[in-house]
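S.K.: Sequence:
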Amino acid sequence: MAEVGKGVNAGKLASNVQKRLTRAQEKVMQKLGKADETKDTAFEEQVANFNKQMNEGTKLQKDLKAYLLAVKTMHECSKRLHDCLAEMYDPEWFGKEEVDSIAEEMIEKEMDNNLEDTDLLWQDFHEKLLDNAVISMDAYLAQFPDIKARIAKRERKLVDFDSARHHFASVQKGKKKDEAKIAKAEEDLGRAQKVFEEINYDLQEELPTLWNSRVGLYVNTFRSVSGLEETFHRDMGKLNQNLSDIMTKLEEQRVAKKGVTTASTGKSDDAANHNQETSDAPKSPSKNEAPTVTNGSSDTELPPSVLFKVKTMHDYSATDSDELDLKAGDIVLVLPFANPDEADDGWLMGVKESHWLQNKNLLAKGVFPENFTQKL
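Just so we're aligned, residue 1 is where the sequence shown starts under full-length UniProt numbering, counting upward by one.
No lab work stands behind these hints, which were simulated from the structure alone.
The model shown is predicted, which means the values in this text are computed figures rather than measured ones.
Check the hints yourself; a few may be wrong.
[Claimed, not checked] Distance windows between CB atoms, simulated:
#1 ASN371 <-> GLU87: 45 to 53 Å
#2 SER213 <-> ASP131: 52 to 60 Å
#3 THR231 <-> ALA142: 56 to 64 Å
#4 ASP131 <-> GLU45: 34 to 42 Å
#5 GLU44 <-> LYS79: 46 to 54 Å
#6 SER321 <-> LEU120: 34 to 42 Å
#7 ASP83 <-> VAL219: 33 to 41 Å
For every residue, glycine included, the Cβ atom is placed at its ideal position computed from N, Cα and C.
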């Protein structure tokens with residue numbers, strides 16, 4: 001039995017080798033123009049579309065995976081950044097015994113919740129991108145290798161069909177008619193034609209359908225990505241605004257704490273004396289001489305260019321575009337004049353502290369009368 005099996009396998013191998021040789025000879029004859037070649041222009045266009053579609057899909061798959069990797073990397077970087085903030089944030093900065101300790105604990109709780117929600121948003125965004133875009137793209141491309149192999153097989157079977165057709169025509173035209181050879185050649189031709197037409201028919205049905213399916217895939221993929229991005233950035237924007245609000249609360253407490261510390265140094269007595277001396281609103285000085293303001297020591301917690309802070313004791317309505325409009329109680333950060341020659345005696349340059357706290361810049365600066373204020 002083993003010898004019989006070996007004989008059968010050897011026969012199949014010899015037959016396959018003979019087919020390859022015949023096929024190679026046929027292709028050479030076709031290239032030399034000595035044998036006609038069956039052409040199907042419509043099918044060739046379909047194959048060109050197939051190759052284009054496969055290349056575009058492969059590129060899109062590669063870019064989607066790169067995008068997904070970037071999202072994962074951004075998530076990790078964002079998490080490390082927020083973990084750093086969480087580690088640095090100290091609920092004891094202002095002291096638990098202070099009046100604002102309850103508010104501080106609320107801020108800490110809000111921050112922990114905000115950071116946890118941020119991490120969940122990133123995870124959800126990554127998972128939905130994977131499910132709705134990348135996995136569906138993988139499934140779409142999985143069908144191409146099989147179709148590509150069948151296109152190559154069709155090409156081989158077409159060469160076999162042409163070869164069988166030419167062989168049948170050759171034996172028919174022979175000087176000596178050999179009916180057995182003619183019958184065998186006709187049988188081979190019929191078999192080659194049947195194999196070719198079966199695979200050709202299936203591909204003629206599948207390739208146009210596959211080509212048209214790309215539009216739906218692109219629509220679903222980019223609709224999913226854009227929709228997920230829109231939802232993610234909207235929700236992340238809310239969390240970022242929450243974090244910004246928490247930082248604003250922290251800054252407000254810092255300023256309030258600083259005010260309590262300043263009051264405890266005994267400056268409140270000076271403020272009371274000044275209030276008594278300036279019970280009537282003073283007149284603003286004329287802007288005509290150089291000021292004699294000394295810088296004094298700079299508060300390390302203020303912006304570097306700020307000389308000191310003053311509190312407005314009386315309302316002051318600006319009369320020029322370069323002046324500040326002040327209300328009693330406003331805190332002003334005093335700044336140096338960019339050009340000392342432009343300074344006037346009794347006038348200071350500054351920006352409202354409220355503007356600094358809200359915008360973190362010193363752009364809205366202007367001059368104001370010094371005797372309407374009290375130095376802090």
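S.K.: Check the structure against each numbered hint from earlier and tell me which ones fail, lowest number first.
M.R.: 2, 3, 6
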